[in-house]
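**Q** The lines below spell out each chain.
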Amino acid sequence: LAKTTQPISMDSYEGQEVNITCSHNNIATNDYITWYQQFPSQGPRFIIQGYKTKVTNEVASLFIPADRKSSTLSLPRVSLSDTAVYYCLVGAGRTGGFKTIFGAGTRLFVKA
Amino acid sequence: KAGVTQTPRYLIKTRGQQVTLSCSPISGHRSVSWYQQTPGQGLQFLFEYFSETQRNKGNFPGRFSGRQFSNSRSEMNVSTLELGDSALYLCASSADGSSGNTIYFGEGSWLTVV
Chain L
8 LAKTTQPISM DSYEGQEVNI TCSHNNIATN DYITWYQQFP SQGPRFIIQG YKTKVTNEVA
68 SLFIPADRKS STLSLPRVSL SDTAVYYCLV GAGRTGGFKT IFGAGTRLFV KA
Chain P
7 KAGVTQTPRY LIKTRGQQVT LSCSPISGHR SVSWYQQTPG QGLQFLFEYF SETQRNKGNF
67 PGRFSGRQFS NSRSEMNVST LELGDSALYL CASSADGSSG NTIYFGEGSW LTVV
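Line order of the protein sequences matches chains L and P.
Counting in the numbering used here, the first sequence runs from 8 upward without gaps.
Counting in the numbering used here, the second sequence runs from 7 upward without gaps.
For each label pair, taking beta carbons as the anchor points, the in silico distance ranges come out as:
hint	chain 1	residue 1	chain 2	residue 2	range
1	L	Ser16	P	Ile18	30 to 36 Å
2	L	Arg52	P	Asn65	25 to 31 Å
3	P	Leu17	L	Thr12	31 to 37 Å
It is worth saying that the hints were derived from the structure and are not from the lab.
Ideal Cβ placement from N, Cα and C applies to all residues, glycine included.
Construct the complete structure from the given sequences, taking the supplied hints into account.
**A** Written out as structure tokens, the structure reads:
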């Protein structure tokens, strides 16, 4: 399973765009990349998932370069409520089920 | 449709006791997995069930066990509780656990062992 590496923490201000990059050098051909947001004492919440190039939904964009060895979660115009831990997960789903490995996540602090 | 539902949300147990946590997956999802989250170790995979069979297992002692029922609902059990078992236990479900499936998490069960 691909190990992921993310920055431990990031600071931002309200209204700014935040980009969080995740490295996954040994991603497998069939692996998808999924990002989650987690608030204290709550379960991780699905943000976005992609396989290659760019994916966009109502809350975020996900950029994946051609070699797929990294991915960048982009949060436009963050607010204080976006302060949370963000996890990048690679290869959760496989033939024969999954055995997920979460990294340490990135703690995002959004300041007023 | 309803998300992943976990019960109970909070519980306190004494060392040596056992505990059973319950999880109802999203309707139609057949793969259920369990995770332990602690401040020191982060999110760790416990096991995954599909069609009532344990398909994958993480690196936890045999005191941690689980099962899945024919309606895909799942339970996990921890026997002979230790103080270090205090954690947030998360259940997640996906359609069938294959590539491209999205995993959706419940809100978790907070277990405190005293």
